[in-house]
Structures are given as structure tokens and as C-alpha cells.
Amino acid sequence: MNDNEQLYQERIVALAKAKTGAGKLTSPTRTARRDNPLCGDRVTIDVRLDDDGRIAEIAHQVRGCLLCQASAAALSSVAVGRDKAGVAELRHDAERAIGREAGDPHEPFTAFAPVRAYKSRHECVLLPIEALQDAVAGASEG
Amino acid sequence: MSFDVAAVRRQFPILSQIIDGQPVHYLDNGASAQTPDAVLDAVRTYETTGRANVLRGVHRLAERATEAYENARVEVATFLGVDPLEVVFTGGCTAAINLVAYAYGSLLKAGDRILLSELEHHSNIVPWQLLRSRAGVELDMVPVTIDGRIDLEMLPRLITPRTRLISLAHVSNVTGALLDVRHVVALAKTVGAKVMLDGAQYAPHGPADLGSLGIDFYAFAGHKAYGPNGVGVLWARAELLEAMPPFHGGGSMIGRVTLAETTWAPPPRRFEAGTPPIGPAIGLGAACAWMRGLDWAGAHAHEMALVQRLMDGLQKIDGTQILGPASLQNRYPVVSFMLDGVHPHDVAQTLDSFGVAVRAGHHCAQPLMDRFDLDGTTRVSMAPYNDNSDIDALLTGVRHAARTLR
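Chains as they are written, first to last, in the numbering used here: chain R, 1005 to 1146; chain A, 1174 to 1579.
Hints may be right or wrong, so weigh each one.
As the list claims (entries may be wrong) - List time: in silico DSBU-like cross-link candidates among lysine-lysine, alpha-carbon distance up to 30 Å:
hint, chain 1, residue 1, chain 2, residue 2
1, A, LYS1367, A, LYS1282
2, R, LYS1028, R, LYS1088
3, R, LYS1021, A, LYS1489
4, R, LYS1021, R, LYS1088
5, R, LYS1023, R, LYS1123
6, R, LYS1023, A, LYS1367
It is worth saying that the hints were derived from the structure and are not from the lab.
Construct the complete structure from the given sequences, taking the supplied hints into account.
Here it is, written out as C-alpha cells:
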């Protein structure tokens, strides 16, 4: 097996292909966009928040690589019901999965463990989560 | 006699490396080329037998350093077909363009116009945008044709009597398109505009005869032209350099300094403030000498045969598309492509696992990506030391990406 197959393992490819949450919301409460100026990847996240500032609906548009798409899909599969603090937990999960924080990540972020060895690709996984954090930032006050 | 690529490869020690059991298929020369023994030896000789600062010392090491540094300037000048006193060593190609944007730019007035193109590298866009903020000059952009060339048919409509400078890529770092320089120069002359070329992707493919092109400024990078990192070259006509104020102030660039005022050294020293990149410049001189020693007719034919092999191979893979000229006419060995359904970064990462180094992304040419509504491309950029095995390994990797990632 070559290194590539170690990175692009079935679970990551399946997450990207599933495209969970791909698209736009018709009337989002908030929208946030993040760009990675180094590679040009761009993620836009729409969220609809309920009265408690919890995510009721989420959608994402990714112009980026397979890792970025997989991350946005993973995120979308577990974001509903979370408030700002809950989204911060997802960030920790992603950071743990790629080895930037100690501890075991929750599902589905274990899928990103192969990215650990590819430092130049870490930001591909984090970009959607950063966009989501922007989208829910200040939500509890709002 | 055919071009002996094996003999060229032997001069580049990095190419004989085995990494994780695989040979190095280096096809990212447009980002940074590899360095031959001749360059490594020249730098080592300086560092081990003549390392000292230039111009100021009277001791023997300083004499050696100064002589080697000035000889390097002569080598670069010979390579470009110009006078050594018109050659300024800079920190790189970007630094050279910034020097012109600042120093020549300071001679321009609000309302003067500078003509660029949609396919320029950011380093030939952003310095001019900074000048626009500082001095109120206006920027005009030549559009790009569907096959990735600067659309010269649009030039006559964009050149105005206020156009002072036309600054374009000699070869596109994305599409490989070669500029028709004479056409640009002829039009520039009709309004008295100066012409600058970003030669970053041209210089690594053989000596230029700048004097015959009729241009005014030329910039290129050492590390893309088989030299060390940290050095670049600005060439400008003597009368332009003479008219330009300094960019950076400091040691070496002065005539006389008093607390009240300072006079400038003549060019090129006026533009080389502080200690220059001595070792890298010496290495670049050796790289220029090395390039002059190469059979470029053979090397270019060899490079373009690789381009043909690559384009033929890509065409056989479902869903590939080339961004750039489809023929070999007026193009250089830089080939960008897209693989439908697979992001360029995933293509490049896959290629790395086959030992193939390429660049993926926007290539510091985001306006060009916007023009074609692309996230990016995968770019294959070749040098004379590349061979068929490099292209074949790449094609194997692209086929693998097509099979597994979509």
C-alpha cells in the first residue's frame, strides 16, 4: 500500500462523497465564509439557529479538496442541536483527530486520523469548523 | 546528436535520491528548480575560501568575495545579453518587481496608467496595486483568451497616451503561454510606454537576448533558474536605472552621507543597499554559466517532447482538461490541468505518493482562476533534466487518482 492510500482511506472518501449537509439554507440565521489564502479553499456555512442559539439546520458549500469536503460533511452530521460551546467541542474533536490536541476524538472525527502525518493538510480539515465557529460566534448573546 | 538527458541528470545530485523506496520525479520546477553541482561547487568555494563581505574590505578574503560577486554579475549579464552595470541583484523576482514599482513608480504621476494582464502572478499585480494606493496611478488589465494566452488583440484598445508601463509575464506560470514580446513592444512604442517582463518562467529555459527585444525592465528569480534561493535579478536600461531613486536606503548604495543629506551611488549599487546575498548571487552566476553551456536547441526540443507526451497521456484519461495552449506553438514546458471530480490538491497528494512532485492550487494567480471559475489546477513544470519516466510516473498517479477519488 502506498502512502496515498493511507491518507485517502475509505472512510474519508466516503464522507466526502456522502456530501452530508451540502447546499444552502433558504433563510439562514447566520452565514460565515472562511478562505485559506494559501491554497484557495473556500467554505461557506449557513446555519439556522433556534431561540436558544442552538443549530436547527446547517448547510455548507465547499470549494476545496476532498479532506475539506469530508470535514464539512462530518461536521454537518453532528452539528444539529449544538450551541456555541457544543461547536467548540467539535473543534476539539477535529484537533484531537489530527493529533494537535491530546485525547481521543468522538465519531465521526476518528476518520481523520490518517491526516495526522500530513501537516500541510491539517488546515483542510479545520477550515469548515472555523467557518462554523464564526457562524455561531456570539449566537448565545443574539 | 540527440540531447543527453542522462548526462544532465547526473549533474543534479538530488535527482539520484531514493525517498521511501521511490525515485524523485521532480515536476515542480516552476516553483523552484533543482541545483547542479556547478552551482553547489561555486557556493561552497565562496563559503570555504572567500567568505567575506563585498566592496568594503581591503583584506584578501574581501577581495575574493568582491571579485566573485562582480564576476557573477558579469555571468548574469552575459546570459541576458546586456551590460553588467544594468544588472541589479535583488532578493528575488518579487523583490525586483517591487523595486521597479517603488523606484520607477515614484517617477509616475496620478492618472498615469500601467497595463497588466489577468494571468499575472500576484507578484506582478500586488506591487502595482500598492503603487496605485500610494501614487494614484490607474491599472488596466489585458484579458486572457480561452486557451490561456494574454489577448494581444485587446492591447490596442487598452493602451492610452497615459500608459507609462506595460508589465507582463514572459511565460505564464500557469498556462505556459509564451508572450509575443515584439508585438507588445511595437504597440508600447506608439505611446512611449516602457515594457517590463516577468521572466521567472522564461529564464530557466535558456539565455535571453534582452537587448534585441526592445524591452526596458526584466526580472527573474535565482532559485527557479537552477541557482540558490534568496537572490533574483532586475535588469533595466541604464538610463532608467540612472533616473530612478533608490528603493532601500543603507550601506553600499550611497555616494556621500552627512547628517543633512545623502547622495546616491550610481547604479547598480544604488539599488543594492546593505550586504547583498553574496553566496546566492555567486551561485546564480554559476547557474547562468551552466545554462549557457547547455545545448538549448536540444534541451528545448526535449522539454517540448515531454510536454507532448504529457498532453497525449492526459487526453487518454477521462475527465482531464488542460488550461493553456493545446499545441506546442509558442508555449513553454508548464502545463496546468484539471481532473474532473478531483480537487487539484488531492491530485497532487496522490502524485506525491507515486514520488511525483507537482504544484496544485491557484499558483499565486487568483485573478486567472477567477477568469476560468476554477478552484485551482494541477501544474506540471518541466526542466531539461526531466525524462519520460517522470511523465509516465505522473500519468500513472493521475490514473490512480481518477480511479480512487471520484
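Going through the hints against the structure:
no.	hint	verdict
1	A:LYS1367 - A:LYS1282	holds, 15 Å
2	R:LYS1028 - R:LYS1088	holds, 21 Å
3	R:LYS1021 - A:LYS1489	holds, 25 Å
4	R:LYS1021 - R:LYS1088	holds, 27 Å
5	R:LYS1023 - R:LYS1123	holds, 24 Å
6	R:LYS1023 - A:LYS1367	violated, 52 Å
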